[in-house]
Amino acid sequence: MRQHATAPPADRLEIEIEGDEYDAEERFHTWGFTDGLPIVLPTRLRLEQMAAGAKHYSLESLGNLAPRDGAATIQKIAINAVMAGCLPQHMPVLEAAVAAIVQPDFNLIAMQTTTHPCGLLAIVQGPVVEQLEMNCGHGCMGPGNRANSSIGRALRLILQNVGGAVAGTTDKATQGSPAKAGFCFAENEAESPWPPLRTTLGLGLEDSCVTVAAAEGPHNVNDHGSSDGESILNTIAETMATVGSNNLYVGGDHFVVLGPEHAQTVAKSGFSREDVQHYLYQHARVGVDRISAQKLAELTSWGDYAEQLEKWGGRIPLARGAELLRVLVAGGAGKHSCWIPTFAVGYSQTSRIETQKQICLL
Amino acid sequence: MGCAVVGLVTGQFVEFARELLAQRNAGSLPLVVIEHPVGGISRELAAARITDAVVTDVSAALQGARPKGKP
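Protein chains in written order, with my numbering: chain A, 1 to 362; chain B, 1001 to 1071.
Chain A extracted, bound-state conformation (with noise of 0.2 Å):
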């Protein structure tokens, strides 16, 4: 249980604490500011520094964070940015993934109030990768990269301690998982077959940008049989055709993530990412027969479900339309790929990373 031995002080941007910096560390976990690991105190000169390294003026707010609706200022990106241990130079990418989350059809109070076991998902995408020395190769989605690994978490503790979403409290999540702590990589644009994924979301080689979703963690599909590309996708369309997902009954837009060697395989075989897309739209399916009745009944008492099921003639979709699966490459050597399934109760944003310092808009 999260428990405060004292409560939190009213005026959380000034905070005077006598002792030293363990105390000082102590009290923030006792206040509930952490994640429950160790920080990096956020003092002034720290917050002056990360603050200096921001495309945005320092009281500049980019929204407000459900469901405290918590102003996301520049200054208190900064302050989580220093606790979870980021550097001035990924200031950018956390002030992308801030207005994206904040756009309507994020429905971010949906995501940080639910019960299902979705994390804040940023996928880094660009120059901006290797600028910031990201992880887009082996174990990119954790751990051992600093940028990868602070910025995720920087994520997760503006989402708590902006958005007000704290764990048991306001978080409802039934289990959470380990994706929540911080999700965070880059897309493997050198070994992708494909154009960046950004191209195909409105932005230019020459940016940089973030695509955030309500996710849960990777789902892996394990390969190593298959020399030709339907076979990978069948592996990974039957991977994903799971009873238990969010997106089979909700619908929302969800992320294939290849291994640069699956993706090649499949490349090879003459399917472009819409052909990879569309094969996985039509078999990435569930049967009615698989779903107990109970269920069944429960999801077709709502909206034109009913209605759907006759259509798709009893097998449901993972995805409800094939644009809706995200599809891209990350990681290095090896015969695996991942799903990532996401909460579905909203859509993923992307927003571009600023490389000049914009104008004050106060």
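Bear in mind the hints are in silico, worked out from the structure with no lab data behind them.
Among the clues, some could well be false.
Some chain B residues well away from chain A (every beta-carbon gap over 10 Å; in silico) [stated by the list, open to error]:
id	residue
1	Gly1007
2	Gly1011
3	Phe1013
4	Leu1020
5	Gln1023
6	Ser1028
7	Pro1030
8	Ile1034
9	Ser1042
10	Ala1047
11	Ile1050
12	Asp1052
Facing chain B, from chain A, some residues (calculated, C-beta under 7 Å) [claimed, not checked]:
id	residue
13	Pro67
14	Arg68
15	Gly164
16	Thr169
17	Thr170
18	Lys172
If you're wondering where the values come from, they're calculated on a predicted model, not measured in any experiment.
By construction, the Cβ of each residue, glycine as well, lies at the ideal position given by its N, Cα and C atoms.
Keeping the supplied structure of chain A fixed, place chain B upon it in accordance with the hints.
Below, chain B without anything else, positioned relative to chain A:
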């Protein structure tokens, strides 16, 4: 004039609902508590969660009275 509203919440989620409403500046929204859970049970059992007392509380709340036993 607005529309009279009352929230229905199961016992396991009542503190969560109160905290969330307070954060959203809607702390005065009346809540009527029903037995948990409402999922994973038969429709008949779920319907039985709406007892006469719940109906009375909802009706009272819609008319401006605070549900019985609620602070």
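Comparing the hints with the structure gives:
1. Gly1007: 14 Å, holds
2. Gly1011: 14 Å, holds
3. Phe1013: Answer for Phe1013 of chain B: violated, closest chain A Cβ roughly 7 Å.
4. Leu1020: 6 Å, violated
5. Gln1023: 5 Å, violated
6. Ser1028: 17 Å, holds
7. Pro1030: 19 Å, holds
8. Ile1034: Ile1034 of chain B clear of chain A: closest Cβ-Cβ about 17 Å, beyond 10 Å.
9. Ser1042: 8 Å, violated
10. Ala1047: Since the minimum Cβ distance to chain A is about 12 Å, Ala1047 of chain B lies beyond 10 Å and the statement holds.
11. Ile1050: 16 Å, holds
12. Asp1052: Per Cβ check, Asp1052 of chain B is outside 10 Å of chain A; nearest 24 Å; holds.
13. Pro67: 5 Å, holds
14. Arg68: 5 Å, holds
15. Gly164: 6 Å, holds
16. Thr169: Holds - the Cβ of Thr169 of chain A comes within 7 Å of chain B, reaching about 6 Å at its closest.
17. Thr170: 5 Å, holds
18. Lys172: OK, holds: Lys172 of chain A within 7 Å of chain B, min 5 Å.
The structure fails hints 3, 4, 5, 9 (numbered hints given earlier, in ascending order).
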